[in-house]
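Undergrad: Sequence:
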Amino acid sequence: LIGLIILSVFALYDKREAMMNDRQDKVRNIVEVGHAIVDYYGEQARLGHLPEGEAQRQALAALSKVRYDNNEYFAVFDMRPYTLMHPIKASIVGKDASIIVDPDGNAVVLSMRDKVRQSGAGFVAYLWPKPNAKAPVPKLSYVKGYTPWGWIIMSGIYIDDVDTAFWNDTVK
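Add 523 to a position in the sequence shown, counting from 1, and you land on the number used in the numbering used here.
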């Protein structure tokens, strides 16, 4: 009986890990798509089809309209780091994002900038409220730098959703 319980616990752990890996792959792929959109506009500027400022404006406008899984979105920061685009929290656009700190004291955007500086892309964990909510919940974002413009392209997943889906599947 104890052996069966131990095997069940390991199976549940593996199931949750597989769910997290699936979600991480998804958000990484989404950010790759966002990066490709920005690169398209960057190429238009490099080829002289658009002035660079207009290409940047159009890239931000295109990303601001993208939604997936109902409430997920892109945000874009520069390396200072200032918020260039955030479709949910318009109040932070154009402002110094280095002051954004989660309840655990993590400097969210500085961590994203550090990740981009260190490896060009990667995951950053922090607490952040869901759209139209005030209470922050665990979130895992994937960030990727767009070097020609010094941009950080970001999207993330709320981890509490993974836990909820895991427990719903487990109880069934």
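Keep in mind that the hints are not guaranteed to be accurate.
SDA-like mimics (lysine to any residue), calculated; alpha carbons at most 20 Å apart, straight line [what the hints assert, rightly or not]:
| hint | residue 1 | residue 2 |
| --- | --- | --- |
| 1 | 612 | 634 |
| 2 | 662 | 633 |
| 3 | 653 | 625 |
| 4 | 662 | 569 |
| 5 | 662 | 684 |
| 6 | 653 | 554 |
Hints were generated in silico from the structure; no laboratory data involved.
Undergrad: All hints, please: hold or fail.
TA: Results for each hint:
1. Pair hint residue 612 plus residue 634 holds up; C-alpha atoms about 19 Å apart against a cutoff of 20 Å.
2. With a C-alpha separation of about 16 Å, the suggested pair residue 662 and residue 633 falls inside the 20 Å cut-off, and the hint holds.
3. Among the hinted pairs, residue 653 with residue 625 is consistent with the structure: their alpha-carbon atoms are about 13 Å apart, no more than 20 Å.
4. Between residue 662 and residue 569 the CA atoms are separated by roughly 35 Å; this puts the pair beyond 20 Å, and the hint is violated.
5. Only pairs whose Cα atoms come within 20 Å are accepted, and residue 662 paired with residue 684 is accepted, the gap being roughly 9 Å.
6. Proximity of residue 653 to residue 554 is assessed by CA-CA distance (about 19 Å); at most 20 Å being required, the pair is judged to hold.
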